[in-house]
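> With these hints in hand, go ahead and build the complete structure from the sequences.
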Amino acid sequence: MAESETGGELLQDAVSRTLAIEMMDGKWAAGESKTLEDVQNRFGISRTVAREVAKTLESMGAVTVRRRVGLVARPFSEWQALNHQVIEWRLHSTQRERQLSSLTELRLAVEPAAAASAA
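Offset between the sequence shown (1-based) and the numbering used here: plus 224.
It is possible that part of the hints are untrue.
What the hints assert, rightly or not - The following label-pair restraints were derived from C-beta to C-beta distances: (1) A305 to E256: 19 to 25 Å; (2) D262 to A305: 24 to 30 Å; (3) A253 to Q309: 17 to 23 Å; (4) R320 to A254: 16 to 22 Å; (5) A253 to S341: 41 to 47 Å; (6) R322 to S270: 31 to 37 Å; (7) S341 to R271: 48 to 54 Å; (8) R271 to A343: 52 to 58 Å.
Bear in mind the hints are in silico, worked out from the structure with no lab data behind them. Everything numeric in this text was worked out from a predicted model, so none of it was measured. Ideal placement from N, C-alpha and C gives every residue a C-beta, glycine not left out.
Here is the structure:
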């Protein structure tokens, strides 16, 4: 598999992260589409890598892949918000403060129950 120049990260992961962060930051609005060819040309990647990017984003709920249309961005409310990759992407976006707040709320809800169970 092709590796990017960012510390051995897989190229498909780097491209997926970049596109996901663009969606979170509003640079790629929900409902807008990009073809695989758009992704290939922008990042200089093969069709195979572009397909892997599409699969990754689709598995996170970030896009819907439609034949003859391409990747259609979905609203963040439809993403798998508790997926570790989505959390990591969000921490690198302009939504960082919101993500940290959400994680703090989750900790406050879970930690007392976990501590009680451990005691």
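> If a hint holds in the structure, say so; if it does not, say that too.
Each hint tested on the structure:
no. : hint                     : in the structure
1   : A305 to E256: 19 to 25 Å : 21 Å, holds
2   : D262 to A305: 24 to 30 Å : 26 Å, holds
3   : A253 to Q309: 17 to 23 Å : 21 Å, holds
4   : R320 to A254: 16 to 22 Å : 20 Å, holds
5   : A253 to S341: 41 to 47 Å : 43 Å, holds
6   : R322 to S270: 31 to 37 Å : 35 Å, holds
7   : S341 to R271: 48 to 54 Å : 49 Å, holds
8   : R271 to A343: 52 to 58 Å : 55 Å, holds
Consistency note: the structure conflicts with none of the earlier hints.
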